[in-house]
Amino acid sequence: MVIVELQGRIGSKRVATASEALENYAESFSGLEKSASSREPSWLRKLRQEGFARFGETGFPTLRDEDWRFTNISTIAKTPFRLARNGHGLPTQKDIERYRVAGACCQLVFVDGLFAAGLSSLGKLPRGVKAGSLADAIAHEPGAVEKHLGKYLNIQRDAFCALNTAFIEDGGYVHIEKNVVAEEPIHLLFISVARDVPTMNHPRNLIVAEENSQATILEDYVSLGDPTEGARALSNTATEIVAGDHAVVSHYMIEREDVRAFNISTLRIQQGRGADTASHSLLLGGALVRNNVHPVLAGEGGECLINGLFIGGGRQHLDNYMLVEHASPHCGSRQFYNGILDGQAHGVFHGRIIVHKDAQKTDAKQTNRNLLLSDNAQIDTKPQLEIYADDVKCTHGATIGQMDENALFYLRSRGINESSARRLLLEAFAGECLDRMKDGPARTHVEGLIHGHLLEVAKSLRGSVARGPQGQGRRNLEEAG
Amino acid sequence: MSLLEIKNLHVKVGDREILKGINLAIGAGEVHSIMGPNGSGKSTLAQVLARRETYDVTGGEVIFNGKDLLAMKAEDAACEGLFLAFQYPVEIPGISNAYFMRSALNAIRKYRGQDEMDAMDFLPRMREKLKLLDMDEKLMNRSVNEAFSGGEKKRNEILQMAVLEPKLAVLDETDSGLDIDALRIVADGVNAMRSPERAMLVVTHYQRLLNYIIPDRVHVLVDGRIVRSGGPELALELEDQGYASREAGPNGIVST
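As they're listed, the protein sequences go chains A and B. Taking our numbering, the leading residue of the first sequence gets 1, the next gets one more, and so forth. Taking our numbering, the leading residue of the second sequence gets 1, the next gets one more, and so forth.
Treat the hints as calculated values from the structure; they're not laboratory data. Keep in mind the model is a prediction, meaning the values are calculated, not measured. Please note that a few of the clues may not be correct.
Unchecked claim - Cβ-Cβ distance ranges computed for the label pairs, FRET-style: (1) Lys-138(B) / Lys-78(A): 55 to 61 Å; (2) Lys-73(B) / Gly-128(A): 57 to 63 Å; (3) Thr-92(A) / Ala-119(B): 35 to 41 Å; (4) Pro-80(A) / Ala-119(B): 55 to 61 Å; (5) Asp-358(A) / Gly-150(B): 47 to 53 Å; (6) Pro-80(A) / Glu-116(B): 35 to 41 Å; (7) Leu-123(B) / Arg-127(A): 40 to 46 Å; (8) Lys-124(A) / Pro-124(B): 38 to 44 Å; (9) Gly-151(B) / Lys-94(A): 57 to 63 Å; (10) Lys-124(A) / Glu-53(B): 51 to 57 Å; (11) Ala-119(B) / Lys-78(A): 36 to 42 Å; (12) Tyr-55(B) / Gln-93(A): 54 to 60 Å.
No residue lacks a Cβ here, since even glycine has one placed at the ideal position from N, Cα and C.
Based on the sequences and whatever the hints tell you, model everything.
In structure tokens form, the structure reads like this:
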């Protein structure tokens, strides 16, 4: 089976919808360059400049870009975001108490993208494990950082990655030495603080798991405070994970920001021989969210699980974009995404798999299941398989449905009230994603978040769903492959 | 006073009238059977009693344990002591059978002002009922009815009944698709639940089940009406002559 869809849009002409905003970014960029320490390594300046130059060339994507056709980001393009600075004072320990993760070995706290040492706890890091701020790592071990930073993230194909690279300043830095196992999760907490003007932050994370090491990383995005009308925040984050040969790395991305926030995130995983990685995404918050997951199986025998759950209501827009690249033989990838959409929420699942010429014996699987809870919720689901090898197994499937009225009646006929019955069914649906996470503090944390969130969803649903089999939620299934 | 009293019940689905004036009274401790051909309205009656909302009740009333059943939601009817064993038990992936049954039991206990049961208290109760129905405990850890065989599903219904201990159990074609061994086990489970306080309404197409669950009264439902009622011997007569025979039968009952 050979299926090819050519993607020829990158770098094509774009309409300058937001030239004023671009000027605004130029101002922020030169401000950052001026304020940066003179001792900063020259490669870092160069990396930033390349990022900004690339962003200047492409501008923001539009609906005409194949990779962005379901997600209109013109609101982001038009908003004059400023770099957020901690002039207003930091949050207090008390403010962030409720965001702690029980059982984490350390918690690094970032406020508007910058490391907040005073709020962080580095508790009990095992020997051979480093976890701290990227800015510190650049200052103290620039060679180790230079070796990997910006080496994997593709700023050519994604304007937001270019923008993130232009504004590299701080973020999480984790290094696991060869053969070391970090059993407890490393928690990176990103707090976006409400302001009276639109602000942006560009956290940049680098996770390096050397050969035969193991680690679990939890990225957690939250908002604090109530922003002034119109002063919405943009978190544009990028994470590079290097999983060395036979390394085992689990990554969790939790988006639970304010429902007015914008969140664009990219996870780029580079896998060595026999490496085993898992990406778990949980999207609950945010007005407009785009979650890119881009693993490259670069060594033979690698395994990658990409698991996600997105739950949207109101007018939320939650876009899940995956690009799984099989670049070596005998690798396996499994994508499972479940979506629950209520109100006028719009979900997107765009799962692209590229099997390169030499990646024989690839086994790639993709499943997207969606539950539409209201007549106005919408889902676009699009598998896209591009296969250049001839001995591979690739399967994909998508389902879109409503809450099963028969199951609902069955539960109610046993005495379980309507709201609890709906919650049970939603939890069962979400539970499929939980079941794919290894037992441990990270999973327990995610489970608690899902449980609390679905409790609210089920309450608001009471009697609101149309009886009977009809229901007009929009469902769009597309196929390229 | 009867535990269940149905008076002149009329039910529509869309424009079609399915039940055309049902009258039926069942006292505590009694077992009644409703027999009838396919499409006569048996399952509709069972579902309406369990308060499925897709049916449109256009007339009549149903008094259950002194209360207006038709004013109740499905969950309230269950909490008041009504139980329906489904003709087609529903599969619910992702919810374990044990969790489901404990949730149901606790919902009912809560409604009645009793303490909720934790897993430790629930387990022994569960095991005792499993034994009664010759069921494997492993079924409790599986998703509700998912990949259960036909017989396992039906036994699972009776198991729920045994756990929830209703005042009135409506069994909707619990015999369909069961081989004779499974039928005996199910019937034994049902018989073990017979008591002076509990009533049962056994809905069936065939007489065979009634060899094992002997009813006090048999009613024949044809085209939305009860056309005949009698003792257990009526079931045997129907088995001999079929429902069609009545149309030209000696008793002068003609179904319309």
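Structure-based check of each hint:
For the hinted restraint 55 to 61 Å between Lys-138(B) and Lys-78(A), the CB-CB distance of approximately 59 Å keeps it satisfied. A C-beta distance of roughly 59 Å is found between Lys-73(B) and Gly-128(A), which places it inside the suggested range of 57 to 63 Å. Checked against the hint of 35 to 41 Å, the pair Thr-92(A) and Ala-119(B) passes, with Cβ atoms roughly 40 Å apart. Judged by the Cβ atoms, the range 55 to 61 Å given for Pro-80(A) and Ala-119(B) holds: they are separated by roughly 56 Å.
About 50 Å separates the C-beta atoms of Asp-358(A) and Gly-150(B), a value consistent with the hinted range of 47 to 53 Å. Checked against the hint of 35 to 41 Å, the pair Pro-80(A) and Glu-116(B) fails, with Cβ atoms roughly 55 Å apart. One distance hint, 40 to 46 Å for the beta-carbon pair Leu-123(B) and Arg-127(A), holds here, with the actual separation near 44 Å. One distance hint, 38 to 44 Å for the beta-carbon pair Lys-124(A) and Pro-124(B), holds here, with the actual separation near 42 Å.
Between Gly-151(B) and Lys-94(A) the beta carbon distance is about 59 Å. The supplied range of 57 to 63 Å therefore holds. Checked against the hint of 51 to 57 Å, the C-beta distance between Lys-124(A) and Glu-53(B) comes to roughly 56 Å, which is consistent with it. For the pair Ala-119(B) and Lys-78(A), the supplied restraint of 36 to 42 Å is violated, since their beta-carbon distance comes to about 55 Å. About 58 Å separates the C-beta atoms of Tyr-55(B) and Gln-93(A), a value consistent with the hinted range of 54 to 60 Å.
In terms of the numbered hints stated before, the structure departs from hints 6 and 11, listed from lowest to highest.
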